[in-house]
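4 protein chains.
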Amino acid sequence: MQDPERPLVLCCPLPRTLELIFTPARLAELRARYQLVETTDEALPGLPDAVLAQARYIIGQPPLDAGTLVRLSSLRCIFNVESNLINNMPYDQVFARGIHVVTTGAVFAEPVAEIGLGFALSLLRNIHGADADFRAGLEAWGGAGNAGARLLTGADVGIIGFGDLGRAVARVLQGFRPRLRIHDPWLPEARIIEAGAEPASLDQLMAGSDVVFVTAAVTSENRGFLGADAFASMRAGAAFILLSRADVVDFPALMAAVASGHIRAASDVFSDEPLAADHPVRRLPGFLLSAHRAGALDVAFQRMGEMVWQDLALLDKGLPPNLCKRAERETVARMRSRPVSVN
Amino acid sequence: MQDPERPLVLCCPLPRTLELIFTPARLAELRARYQLVETTDEALPGLPDAVLAQARYIIGQPPLDAGTLVRLSSLRCIFNVESNLINNMPYDQVFARGIHVVTTGAVFAEPVAEIGLGFALSLLRNIHGADADFRAGLEAWGGAGNAGARLLTGADVGIIGFGDLGRAVARVLQGFRPRLRIHDPWLPEARIIEAGAEPASLDQLMAGSDVVFVTAAVTSENRGFLGADAFASMRAGAAFILLSRADVVDFPALMAAVASGHIRAASDVFSDEPLAADHPVRRLPGFLLSAHRAGALDVAFQRMGEMVWQDLALLDKGLPPNLCKRAERETVARMRSRPVSVN
Amino acid sequence: MQDPERPLVLCCPLPRTLELIFTPARLAELRARYQLVETTDEALPGLPDAVLAQARYIIGQPPLDAGTLVRLSSLRCIFNVESNLINNMPYDQVFARGIHVVTTGAVFAEPVAEIGLGFALSLLRNIHGADADFRAGLEAWGGAGNAGARLLTGADVGIIGFGDLGRAVARVLQGFRPRLRIHDPWLPEARIIEAGAEPASLDQLMAGSDVVFVTAAVTSENRGFLGADAFASMRAGAAFILLSRADVVDFPALMAAVASGHIRAASDVFSDEPLAADHPVRRLPGFLLSAHRAGALDVAFQRMGEMVWQDLALLDKGLPPNLCKRAERETVARMRSRPVSVN
Amino acid sequence: MQDPERPLVLCCPLPRTLELIFTPARLAELRARYQLVETTDEALPGLPDAVLAQARYIIGQPPLDAGTLVRLSSLRCIFNVESNLINNMPYDQVFARGIHVVTTGAVFAEPVAEIGLGFALSLLRNIHGADADFRAGLEAWGGAGNAGARLLTGADVGIIGFGDLGRAVARVLQGFRPRLRIHDPWLPEARIIEAGAEPASLDQLMAGSDVVFVTAAVTSENRGFLGADAFASMRAGAAFILLSRADVVDFPALMAAVASGHIRAASDVFSDEPLAADHPVRRLPGFLLSAHRAGALDVAFQRMGEMVWQDLALLDKGLPPNLCKRAERETVARMRSRPVSVN
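Respectively, the protein sequence lines represent chains A, B, C and D. Its first residue numbered 1, the first sequence is counted upward by one per residue in the numbering used here. Its first residue numbered 1001, the second sequence is counted upward by one per residue in the numbering used here. Its first residue numbered 2001, the third sequence is counted upward by one per residue in the numbering used here. Its first residue numbered 3001, the fourth sequence is counted upward by one per residue in the numbering used here.
Please note that a few of the clues may not be correct.
What the hints assert, rightly or not - Where chain C lies over chain B, by a calculated footprint (3+ residues, C-beta under 8 Å):
no., region
1, 1188-1201
2, 1206-1217
3, 1276-1282
4, 1323-1332
Unchecked claim - To list a few chain A residues with every Cβ distance to chain D over 12 Å, as calculated:
no., residue
5, Leu151
6, Pro185
7, Ser201
8, Leu275
If you are wondering where the hints come from, they were derived from the structure by calculation, not from laboratory data. Backbone N, C-alpha and C fix where the C-beta goes; we use that ideal spot for every residue, glycine too.
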């Protein structure tokens, strides 16, 4: 079974599948270069010692207890392809051994940022509402149809959270030359300045923006950090666009702010998914709705496989992974974004 | 009446008004610096000779016959603030005298380009349809809601016409780093290349693009130049976005191409506006509708006044106008875009 | 002799030659498509009436009197390939007839801007001086060799004149993300703002810049407009880079400002060229010298031919020229930059 | 001595000093917020156990043996402000404990990249040589002075190594819109592509570039990897610019390639510094010389302090450092760039 030329990879990528994240051609290459052992989260600890001892990589995010980790004596890297880090292994032991734990969530940044800009333009120009009116024979022509319309070029834009997604949002905004304010308490100001933006406190950003994009992940510290006061502080008619996780927002307060006519909003994420059939947000004017569709594009899943493939090549050369994002000792335990169970 | 310090301006801006295109502060400055004679297209020829002889500028697009032009002996510039050039004066005489005829249509480029990108993102990600489904309780969650979804980043994009509007479209696309092909038979290839795009024939562009933006004005030569063959040559699932004038397209052929499922489309312009209540496009899936709303923003009209104001200052210094676009001897007679009668 | 298919072009491009500005392949195409009559400034008026009457284009900048112009009854465009406009024809008559007079000077913008940035970096980091010291065995190592060194990234940069050359300078500066101030009295502020820069008065620009680029042409109004006061107002250690014409500067005052150690300077142009062997600027420390070499690259001359070629194609289609720059009724008589007599 | 509010920092930054890397205002803040213990590489192990046990940070790059590391029981981060990593501590032990070892070398990227572009422009246009000729009364005017001159805009440019310095070089080149090829065997191709460049083998890059910038650090694997064959494969007249360390090049072979007239070169680094007074490179035409001055700017040293300051703040909040670059388990032992002994 042993083949020193073909490193052993344990595969338990659920809810992903190898076929979802690798093209057929790439999967064939993967099988040729590596010895793939396809298993499940549950079955993995029961694999023979010899298999675990040989495993150099894991593609998946299985729970690992201390004993299993000891048996995984050659392990170098765990590729979490669900992409939300969870507290399901003794990270101290993992990091002490220099095992990398990495995620492929960066693949979602581009599709989410693109639809996020689409949400912003739809809100600012009522693209969705005007289409619905036109179909109903209720359209208003010319300037009469532009009540509340605003331009994005040169607008004051705020981005909350400046990880992969926040950066992708900044990128798709480039042609609009916004005045960009960014709030990210985990990032030094220099990183924001070198991106051509202005570091801002949350208060400054909320009060000073025409459009706000929320891209921050949920942590142990930021649940519901955007509430009624924050929404009240926003400019009249401003657009609030929620792209990361519903738990960073006080959702009823957000709905109230939209219902009052003070702001407009769009959201791709909700506290309970799927959302109840009678949830009042479904009938709320000024609130653009999307059913957690922003990231889940086929092309994103295939990029996931490419990231794994290219980082495997670096690891094989004795280099650290580069494309995937590494879990950090300091922050891994603070993550609270719930994993998805469907693709 | 004469005041050599305050040049005389004839004002007949209908369908615009001075109040629409100038902010109150700017209008006060305008009245202080210039002698405004507010008139109408019809009344202008009947003004006293002394008034016409003094008039240095016209803000408006009145019909002028040869005789009236002779009486307008000090005329230097006509600011067409409707913005479509029309064949309503003896241009030879105008140009021989070095009178500038300029338009302020560039102010619409930014709002039209912004909504155009919004149309593209809505089509590629079904933002409007998914919102309607969500409101109806019919939403599909996650990847299940992304049938036909495509990314714009790195896509093949074509722009037909590369005037102010085409350039504005290219600008808002910057962050998406498209492979950009441009077709404009009035422009040398060097201008397209220096903008970082590829010159393309109409056939290449239609067949090789994931998204096509039409920004070309109607001329005596291009009525209906995009027809059934052109739509059939497009990539399956590509998006066709019409931003300039409906007359450049064979509209029934466009509807048929969308109805067949071959392409998706969005349009802000229609052959008959307002459109008949029973027009079949209102019921056509895959066709995003907008009632000639793309340009008519308050902010665009106020920029119109700013352009006029800044170019007046240049003309006062004996310099040519710079911000407004000049009618050209060679092309003025070819223009066929119909003026609007409402703002 | 007549051939309606092959428009007649009078060619008297001295100091250029057809071989300098067209590649052999392009020149062959030109001869195939057009009927070239090679002549000289002196011989042109003596050509037979039939030839003059047929001539549709001139490549060159011959003096033309009113009578000759009348005989040039089919003339549509004069391509000045020396590139400085001179007052050598009755422009009123030319413009009344709608004849375009265009120049190809834009080809020099790129090479001049590139060497201009090279001058700036050499001054800011003493690249040329450190090389000379190293060759003389007098180099200072590491930080000891960096007295007066400054970074360009994020610096305050001023550009005087924002035509083709000023724009090319702004372009090569892009990666340095300067705070860019621009002074150009012939341009509305909106043009400067849309280029991402700040309009500034001459005083603001001179006093507020770490590096100043002068790209303004000489006109009847601006001879010697940069004098002792302007240089005294500059920041200590700032760099002054002269790229257009020496006549816009009080050259002795510039030398005095450099000699005093207050500023550093570079110049590609001089009041008398070639410069006297004993001119004191040759011995002035802090003054980087270049013998009018900035634009005269082979590749620039070949682009000149390409501009002419592409604009001829537009004119043949009944369109106005686009790549070459048109002389303007209002400003043509104000130009004072002396033409060159050698390439 | 203990003060839980003021974390203890051991300072032994030689060859830097605290005064070099911190402004007076920042140093005062540093002293207020932290308990600074100023020591030396030699004295550090002899400090009392109580001091070592409290030390949370080290600013400096002292050799540390296993025993001293054990006594540094609270250590979280070592800030190497010399900036070359050296093999002077048991890194396994360091990494197992999760102690960060970081460097501040990124501060040199900007000044080195700027002078690197200056070298390129000087070589392509002979700015330094033409200035020397002008001073000697030997200048050639106009096109006659441009033998061998080339434009950078649109040129084929190669960058070897794509770390901080390589990226800074790409940034300052932006305005020149080069076709950029990058070779970096430690980086996945996706990183190069997302930067808008093309991944290339070393052979492709050397043979296909008009200008080559070398920014790669010396490792255990790449000493002298650019030799006679590589230089022979370059395009005639291409420019080779060495910015990182002389040891990556076969220097005599580089000199021979320049002496033969095949290529031009510039270098800021040399195998023995200071270079012997009679070293033949001092008399080599076509070789631009700089005495390791590229990075050593006052402003760079002050940014070093800022990076330390901002990353200290993150570490104080329990976050990982972000601005400084972390040593990696996998690569730290491969680094061979010699540290500097003077600033």
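The hints, checked one at a time:
Chain C is given as covering the region 1188-1201 of chain B, and this holds because 4 residues of the stretch bring a CB closer than 8 Å to a CB of that chain, at least three being needed. Counting residues of the region 1206-1217 of chain B whose CB lies closer than 8 Å to any CB of chain C gives 0, so the stated coverage by that chain is violated, three being the minimum. A count of 0 residues in the region 1276-1282 of chain B with a Cβ less than 8 Å from any Cβ of chain C is obtained; the coverage claim is therefore unmet, three being the minimum. With a cut-off of 8 Å between beta carbons, the region 1323-1332 of chain B has 5 residues touching chain C; three or more are needed, and the interface restraint holds.
Residue-level check passed: Leu151 of chain A sits 27 Å from the nearest beta carbon of chain D, beyond 12 Å. In this structure Pro185 of chain A is not separated from chain D by more than 12 Å, as the shortest Cβ-Cβ distance comes to only about 8 Å. No beta-carbon of chain D is positioned within 12 Å of the beta-carbon of Ser201 of chain A; the least distance is around 15 Å. Residue placement check: Leu275 of chain A keeps its beta carbon more than 12 Å from all beta carbons of chain D (closest about 34 Å).
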